[in-house]
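Fit chain P to the given chain D structure using the hints.
Sequence order for the protein chains is D and P. Per the working numbering, residue 54 is the first one in the first sequence, and the count goes up by one each step. Per the working numbering, residue 54 is the first one in the second sequence, and the count goes up by one each step.
A couple of the hints might just be wrong.
Since the list gives no way to pick out one identical chain from another, each pair is judged satisfied if it fits inside one copy or across any two copies.
Said to hold, decoys possible - No farther apart than 30 Å at their CA atoms in a straight line, the calculated lysine-lysine pairs in the BS3-like style are these: (1) Lys260 - Lys329; (2) Lys464 - Lys396; (3) Lys329 - Lys396; (4) Lys462 - Lys82.
Simulated from the structure, these hints should not be mistaken for lab results.
Here's the letter readout for the chains.
Number of protein chains: 2
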Amino acid sequence: MSMLIQNAEFDGVETDVLIEGNRFKAIGKDITSPDAEVLDASGMAIVPTFVNAHTHASMTLLRSYADDLELHDWLTNYIWPLEEKMDEEAIYHGARLACLEMIKSGTTCFNDMYWHFHGVARAVEEMGIRATLSSVFIDFSDPAKAKEQRELTKRLFREVEQYSDRIKFALGPHAIYSVSKESIKWVKQFARENNLLIHIHISETRKEVDDCLALYGLRPVQWLDKIGFLGPNVIAAHAIHLIDSEIEILARNDVQVVHNPVANMKLASGSMPFGKMRDRGIRMALGTDGCSSNNNLDMLEEMKVAALHAKLLLRDPTALPAGDVFDMATVKGAQALGIDCGKIAEGMLADCMLVDLSNHRLAPGYNVIDDLVYSADSSCIDTVICDGKILMRNGCVAGEEEIVAEARKYKQKFQ
Amino acid sequence: MSMLIQNAEFDGVETDVLIEGNRFKAIGKDITSPDAEVLDASGMAIVPTFVNAHTHASMTLLRSYADDLELHDWLTNYIWPLEEKMDEEAIYHGARLACLEMIKSGTTCFNDMYWHFHGVARAVEEMGIRATLSSVFIDFSDPAKAKEQRELTKRLFREVEQYSDRIKFALGPHAIYSVSKESIKWVKQFARENNLLIHIHISETRKEVDDCLALYGLRPVQWLDKIGFLGPNVIAAHAIHLIDSEIEILARNDVQVVHNPVANMKLASGSMPFGKMRDRGIRMALGTDGCSSNNNLDMLEEMKVAALHAKLLLRDPTALPAGDVFDMATVKGAQALGIDCGKIAEGMLADCMLVDLSNHRLAPGYNVIDDLVYSADSSCIDTVICDGKILMRNGCVAGEEEIVAEARKYKQKFQ
Chain D
54 MSMLIQNAEF DGVETDVLIE GNRFKAIGKD ITSPDAEVLD ASGMAIVPTF
104 VNAHTHASMT LLRSYADDLE LHDWLTNYIW PLEEKMDEEA IYHGARLACL
154 EMIKSGTTCF NDMYWHFHGV ARAVEEMGIR ATLSSVFIDF SDPAKAKEQR
204 ELTKRLFREV EQYSDRIKFA LGPHAIYSVS KESIKWVKQF ARENNLLIHI
254 HISETRKEVD DCLALYGLRP VQWLDKIGFL GPNVIAAHAI HLIDSEIEIL
304 ARNDVQVVHN PVANMKLASG SMPFGKMRDR GIRMALGTDG CSSNNNLDML
354 EEMKVAALHA KLLLRDPTAL PAGDVFDMAT VKGAQALGID CGKIAEGMLA
404 DCMLVDLSNH RLAPGYNVID DLVYSADSSC IDTVICDGKI LMRNGCVAGE
454 EEIVAEARKY KQKFQ
Chain P
54 MSMLIQNAEF DGVETDVLIE GNRFKAIGKD ITSPDAEVLD ASGMAIVPTF
104 VNAHTHASMT LLRSYADDLE LHDWLTNYIW PLEEKMDEEA IYHGARLACL
154 EMIKSGTTCF NDMYWHFHGV ARAVEEMGIR ATLSSVFIDF SDPAKAKEQR
204 ELTKRLFREV EQYSDRIKFA LGPHAIYSVS KESIKWVKQF ARENNLLIHI
254 HISETRKEVD DCLALYGLRP VQWLDKIGFL GPNVIAAHAI HLIDSEIEIL
304 ARNDVQVVHN PVANMKLASG SMPFGKMRDR GIRMALGTDG CSSNNNLDML
354 EEMKVAALHA KLLLRDPTAL PAGDVFDMAT VKGAQALGID CGKIAEGMLA
404 DCMLVDLSNH RLAPGYNVID DLVYSADSSC IDTVICDGKI LMRNGCVAGE
454 EEIVAEARKY KQKFQ
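Chain D with its partners taken away, still in its complex shape:
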């Protein structure tokens, strides 16, 4: 199977792009490939699709269920009671809705943490995108629960082999306040033995820091460093409440950080110290977090808010320019997950989108990256390709009406 994308604008120049199998084979002028399916991209720009580096996809089912509340009220009276009603079937339908929304807004890869692993995996498999999936690990220091979670993790690690290469397995210890020290260490060891990524929330709230100080006399990053947890396979979401020495620890351990500006603002969690992390060379990707704290999975919006937030925080209009935040949303997310997508280059996985340059939001058209970061919305995206296959064409995804109809049933089911 090969596909020839003709006459696409690539870095400002009309270009042909040949995909063979699931990778970019050739990029240049006047490429010929007699057997390839031809896709005319005249009037469109070809750009990489996004990598959403931290989310809880199935929380689409909680979208706009509870907003503008104090964190404790929000969690205990709204989010947790609803999550208890979610079985694997609900998780599956939520994840399908999430994949649909991601495809529509140009995302073809995400890093997830949630319950009912197979519900999410089945949705990702069917929808044709990529995901690094972790089954959230929570034991609240209960030894029986810890044992159960370890067994589940080992079982899921074996069972993930049934899925295609688009699905990767990662470990998902929720946070230091919800996972025992013993289990945190077990996760680290299991990751080492099996060469796995670890996806964890770090220092999202001030309470997490205060509790850690009270319990261990150390701040979260200091404590995680002390027990030998940190390393380049750790993907730390949020990373807000950090002092300079913790930023130094993260840099020294080459921990990968995911910035979630929309959720951090919406929950008033605080501001990730973007400038200091950037200056210290910490690797940063971008994520939307789940729909209960965002309330969408739109990386176009997340890029803009990230850029705006950095400029406000640093009082500097040159901070986090469009090109840099676009990289965070694409290639840097891919690198965090160890997947060779996020960039249009020969040999890379064929994940890309075609952006309609005749869309009003992209006119006059001085700079397509600036336009995507600061002006576009999902209506600008015409075609989405993942793993060499077309997932959206002319803005349409196969089966979308049914996916939305199934998701809408949960409004009644949950209330």
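Relative to the frame of chain D, chain P by itself:
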């Protein structure tokens, strides 16, 4: 001419809405009107359209021309040189593109300040939306220029009568640093004599405050109060660098403030003291500013950023909840402009939109206002009605391809 919108979801209940002429005539169950054009709105919610309370519409032609730059570099090396190339024809094409973008994202009324008044007015007239238009008044304390600007203002005030009732005239003194004291006073007097609104930038930058202190020994709001300029007919855009006593002055004079969070963040101008203004009961509307500092005119996005910004600024997730920011973007903007739109109620001007509840971003559908503020993008909007006339149906606006094509020509013309 009458139109009957049937089976629309209104405040959660299936409702019919009858429009007669340009106003809502009846809202309720099972309305009949044999002569009315029927519009089936099954599966859609009816909500008011937005009022963009501060923009420079024709700056769409500068979209993504210059981003992520220091303010002085940005203005002097990019924005001003390009603006010098803009004649009335360019302004017209820029304003058409702006009106198209606004309609597509649910805005049917805007408050504008720019050059070449008739270029903007002609576009608004053709596109069918409402606007309060001011010809920007700048004299840089040059008496000859001041005389010319006053004559122009008087002439345009007479000439605006050629347009429909959808177009209102306002005065647009740019800012206290670009308009002489004498002209500021003249504007105030002319507004009083002719019952006009005054649209002005106030305290957008720290430099404006420092210069005012150096020149008059007073801060901008203090000085404007002293010369008797302030009042309920003053619409103050940005209003960032204010001390408590200035907030008190604005409140005492019932000045109307327009919040522009996206532009304020993008240019790193600072944060409008939203919480203090809210607590003092100052009337606040919402605006996108021009496309060179945003880079779009999307009030859906502006609402979300306003809510996120307030929560971050006040460290309070309950600050500026969805319902309140929706009101700022609709009825409060309309009230600021003295136009009885922005609300779906019998007797009000018939400006409204139909939102497609089968859009994936609005599923499962717990709360349509929360969904619009926190999740939607323009792809959720199916139909837009202004002044009783349909401007968009099934997401399509008449003539949009030509409008975009004309605007795209300026990429070559300007470079």
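Verification of the supplied hints:
no.	hint	verdict
1	Lys260 - Lys329	both (22 Å within a copy, 27 Å between copies)
2	Lys464 - Lys396	between (38 Å within a copy, 27 Å between copies)
3	Lys329 - Lys396	within (26 Å within a copy, 46 Å between copies)
4	Lys462 - Lys82	between (49 Å within a copy, 25 Å between copies)
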